[in-house]
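S.K.: Sequence:
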Amino acid sequence: MAKSSSNWPEIADGVRCDMAMLILARDLPAHLGRAVFAHRQFPTVDEPFWPETIGRVKGKKPALFYGEVYWILEWTLMQQGFRLLL
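Okay, so the sequence shown: first residue is -13 according to this note's numbering, each after it adds one.
You can trust all of the hints, since none of them are fake.
Computed Cβ-Cβ distance ranges for the label pairs, DEER-style: (1) Arg42 <-> Asp4: 15 to 23 Å; (2) Ile(-3) <-> Ile58: 29 to 37 Å; (3) Ala(-2) <-> Glu38: 12 to 20 Å.
To be clear, the hints were calculated from the coordinates, so they are not data collected in a lab. No residue lacks a Cβ here, since even glycine has one placed at the ideal position from N, Cα and C.
Take the sequences, apply the hints, and build the full model.
M.R.: Have a look at this one:
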């Protein structure tokens, strides 16, 4: 996804990110239940994905990032660069 975001500034003035909080892998077990994760391997994100991606896109062209978020993670995503959350 990070690689595909490099062309976003060429085709859009804004980006809607549905379920944006799902990339915050550290929060998934707490919200979905540890049993869901007991039998599967899920990739983890060591570095914050959104600040890097939003910064890269905005470095090429100012863009509005807005996202869908649940689980009381609105403030977390605002701190990572989102300006509007649904």
